[in-house]
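*Asks:* On the provided structure of chain A, position chain B as indicated by the hints.
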Amino acid sequence: MSWAPYVLSFGCGLISLSQEILWVRLVGFAYGNPPHVFAFVLGLYLLGIAAGAHIGKRYCRADRDLYGVAARVLLISAAWDAVAPFLYVGAMKFDRTVGMFLLPLAVMLVALFKSIVFPIAHHLGSSNSPQHVGASVSRVYFANILGATLGPLLTGFYLLEHATLQQSMFLLCAATAALAAYCFVVRGTFRSWVIAVLPLPALAGLLVPSLLIPMLMAREWYPSYTSYYLADPGKVVAIRENRHGIVHLTSDGSGADTVWGGNVYDGRVNASLVGNVNGIERVYILAALHPEPKRILEIGVSIGSWTKVLSGFPGLERLDTVELNPAYPELTARYPQVNSVLADPKVTHHIDDGRRWLKRHPDEKYDLIVMNTTFNWRAYATLLLSRDFMLKLKTHLNQGGILAFNTTGSFDAHATVASVFPHSYRLGSFSYASDHDLTPELAHIEERIGRMAWNGSPAVDLANSEVQETFASMRTGFERYDQFIGSAERKPEIITDQNMITEYRYGTLFW
Amino acid sequence: MVANVNESSPPRGIREGLLLAVFAASGAAALIYQVCWQRLLFASFGVDLESITIVVSTFMLGLGCGALVGGNLSRRFSQRLIEMFVLSEVGIGLFGMLSATLIPMVGDRFMAQSLPVVALVNYLLVLVPATLMGATLPILVAHLFQGSRNVGVSIGGLYLANTFGAALGALSTGALLFTWLTINQTIYLAASLNFLVALAVVAGLRRSPQ
Numbered sequence: 162m163s164w165a166p167y168v169l170s171f172g173c174g175l176i177s178l179s180q181e182i183l184w185v186r187l188v189g190f191a192y193g194n195p196p197h198v199f200a201f202v203l204g205l206y207l208l209g210i211a212a213g214a215h216i217g218k219r220y221c222r223a224d225r226d227l228y229g230v231a232a233r234v235l236l237i238s239a240a241w242d243a244v245a246p247f248l249y250v251g252a253m254k255f256d257r258t259v260g261m262f263l264l265p266l267a268v269m270l271v272a273l274f275k276s277i278v279f280p281i282a283h284h285l286g287s288s289n290s291p292q293h294v295g296a297s298v299s300r301v302y303f304a305n306i307l308g309a310t311l312g313p314l315l316t317g318f319y320l321l322e323h324a325t326l327q328q329s330m331f332l333l334c335a336a337t338a339a340l341a342a343y344c345f346v347v348r349g350t351f352r353s354w355v356i357a358v359l360p361l362p363a364l365a366g367l368l369v370p371s372l373l374i375p376m377l378m379a380r381e382w383y384p385s386y387t388s389y390y391l392a393d394p395g396k397v398v399a400i401r402e403n404r405h406g407i408v409h410l411t412s413d414g415s416g417a418d419t420v421w422g423g424n425v426y427d428g429r430v431n432a433s434l435v436g437n438v439n440g441i442e443r444v445y446i447l448a449a450l451h452p453e454p455k456r457i458l459e460i461g462v463s464i465g466s467w468t469k470v471l472s473g474f475p476g477l478e479r480l481d482t483v484e485l486n487p488a489y490p491e492l493t494a495r496y497p498q499v500n501s502v503l504a505d506p507k508v509t510h511h512i513d514d515g516r517r518w519l520k521r522h523p524d525e526k527y528d529l530i531v532m533n534t535t536f537n538w539r540a541y542a543t544l545l546l547s548r549d550f551m552l553k554l555k556t557h558l559n560q561g562g563i564l565a566f567n568t569t570g571s572f573d574a575h576a577t578v579a580s581v582f583p584h585s586y587r588l589g590s591f592s593y594a595s596d597h598d599l600t601p602e603l604a605h606i607e608e609r610i611g612r613m614a615w616n617g618s619p620a621v622d623l624a625n626s627e628v629q630e631t632f633a634s635m636r637t638g639f640e641r642y643d644q645f646i647g648s649a650e651r652k653p654e655i656i657t658d659q660n661m662i663t664e665y666r667y668g669t670l671f672w
Numbered sequence: 315m316v317a318n319v320n321e322s323s324p325p326r327g328i329r330e331g332l333l334l335a336v337f338a339a340s341g342a343a344a345l346i347y348q349v350c351w352q353r354l355l356f357a358s359f360g361v362d363l364e365s366i367t368i369v370v371s372t373f374m375l376g377l378g379c380g381a382l383v384g385g386n387l388s389r390r391f392s393q394r395l396i397e398m399f400v401l402s403e404v405g406i407g408l409f410g411m412l413s414a415t416l417i418p419m420v421g422d423r424f425m426a427q428s429l430p431v432v433a434l435v436n437y438l439l440v441l442v443p444a445t446l447m448g449a450t451l452p453i454l455v456a457h458l459f460q461g462s463r464n465v466g467v468s469i470g471g472l473y474l475a476n477t478f479g480a481a482l483g484a485l486s487t488g489a490l491l492f493t494w495l496t497i498n499q500t501i502y503l504a505a506s507l508n509f510l511v512a513l514a515v516v517a518g519l520r521r522s523p524q
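Chains A and B are the protein sequences, given in the same order.
First residue of the first sequence: 162, per the numbering used here; consecutive thereafter.
First residue of the second sequence: 315, per the numbering used here; consecutive thereafter.
Mixed in with the good hints, there may be bad ones.
[What the hints assert, rightly or not] Derived list of chain B stretches under chain A, where covered just means 3 residues or more per stretch with a C-beta under 8 Å from a C-beta of chain A: (1) 384 to 390; (2) 490 to 497; (3) 506 to 515.
These aren't lab readings, by the way, just hints derived from the structure by calculation.
Backbone N, C-alpha and C define an ideal beta-carbon position, used for all residues, glycine too.
So here's chain A without its partners, still in its complex pose (with noise of 0.2 Å):
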């Protein structure tokens, strides 16, 4: 028996699966993640590999060299392995809508190419006996499978772990000129030494300096939304690529640096009412409407600006932080403004998925949890807003406990906080709820907020006009839910985890 075609159907599966995921994520980069990207990509995927085994089929119809075929096409598909990756990216940094429709034709032909391989493998490896021809058939099939099952093993924990993104694709485009070289020796034409040399190629590229995730950071790729994203973010100082994700700095001189998580604005390195670039009143706010908060959670970290402020409440004993990607504590680190939380003998810092966290601590309880939401139209931010979340975050609240979380601007957000807790409020794009009214509250702000400190210095000087000037908006910008939801512009819906409606229905489509 020739291992051959079990090769070449494995290396096919573990390549193309690889590859699959990779794309999800450069493209999902691109775009900020919309919840579309897998479902697209992979439908894309899907498409290619159905016309490649179109014309792989055409190639078994006919008698031909078919591991020469095989070695051919594989050299080509490797060759587009490396290419593709910049073609799409230049055409995105060119212009977006030539970007959008080069996308198909990149991530179609990456799959492609494979594809063809795939029933020339089945041709090689199968008997041509009708008792056994499923039995044959199956054996090929596995070794494809095996592969891709292996594949996104490889990719998912090892690979993106310990390369970047532009790094893991120029490993597949080496290991798909390596299988081409492995066909030519199969064939018997090439001598060995062509396994060697075929690959060196793609894996000169690992030292092209990374230009894939820079050259998409540009933000006036998204009209629709330049109200959330800054006009000149300013220069990169820091890309963090792991499993998890991306994430990146930029600097614009001011000191508040920019986070962006997934290429999509995650805040700024702030935790002072003076020169208040991110909007930090509104977590300054729960330090007045909680007369004694002890224990609080906080879901999603970034930076670690609302952390720092946390730390400074007075009277708290736990500050429990759940963050899944470890990039940001480490970029924390760098922040004087910010990084005496990763010290703070008060703060213990997770490493894990919020809902998942809440699950295997069914028990403890909290004054306040707080949430600095990511946008709600991303992939799986139903899973932070739905009302479903939101009845299991009450049963982690102590009595008079506040639950806070940024809507991102969604009255349908709002509406679900709303069907959960009997009173609610919203001070920009954060919601607050409660068991009980909280805005007797309000005559507390400058007590309350005054007392905060910071290794015992006092962490708001009241004294200055612009924290005065904040006090004021806090007291005019805190609305209860039924004087501002009349103002939405379509009836609010209740967000479930089965509905999805901000990702889905009313979520922004990419292309």
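*Replies:* Same frame as chain A, now just chain B:
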């Protein structure tokens, strides 16, 4: 049954066309399930790359196991290929109907467990339907091969139909179905597709001698 088709059966071209069409529908249902199950599993087990990777890879492994099982069955029961395909589709549909309540229920029970336990539970959840999905390809290839005698041609056509359907399933779920339907409603739609596929195959072959 398949090997003994006589004049009263639909012409071979129509039979093959029917099989390709239903296999495309079957592929569409499979990818609708995959997108829906990923969503349910994320909600049940937590969103991070481990969950995503585990779901994708266990789905693929289930398909691979199904390929082996289907290949073995097609050899042992070469006269019952169409019946096995129909049963597989009904099984996928039944599990699909069940999955809407089963996955959240199991997720609620195991979410707090360690990563290996979560991986194992994910695998077990997806194993049964993915195995049935994987089994359908070698079964139908064996069936078509009885007509074409060319493996590459048989598998190429089926693979094309199934994958094209799968692509439509994935694209329509992301772009259309989730806009107007809940996750469970989308799952029930996919299950209906499976039952329709089974019904179409049975109806299409109703004049075949037993």
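*Asks:* If you count the residues of the region 384 to 390 of chain B with a beta-carbon closer than 8 Å to a beta-carbon of chain A, do you get 3 or more?
*Replies:* holds (count 6)
*Asks:* Mind checking, does the region 506 to 515 of chain B have 3 or more residues with a CB under 8 Å from chain A?
*Replies:* It is violated, with 0 qualifying residues against the three required.
*Asks:* For the region 490 to 497 of chain B, count the residues whose Cβ lies under 8 Å from any Cβ of chain A; is that count three or more?
*Replies:* holds (count 5)
Hint compliance for this structure: hint 3 alone is broken.
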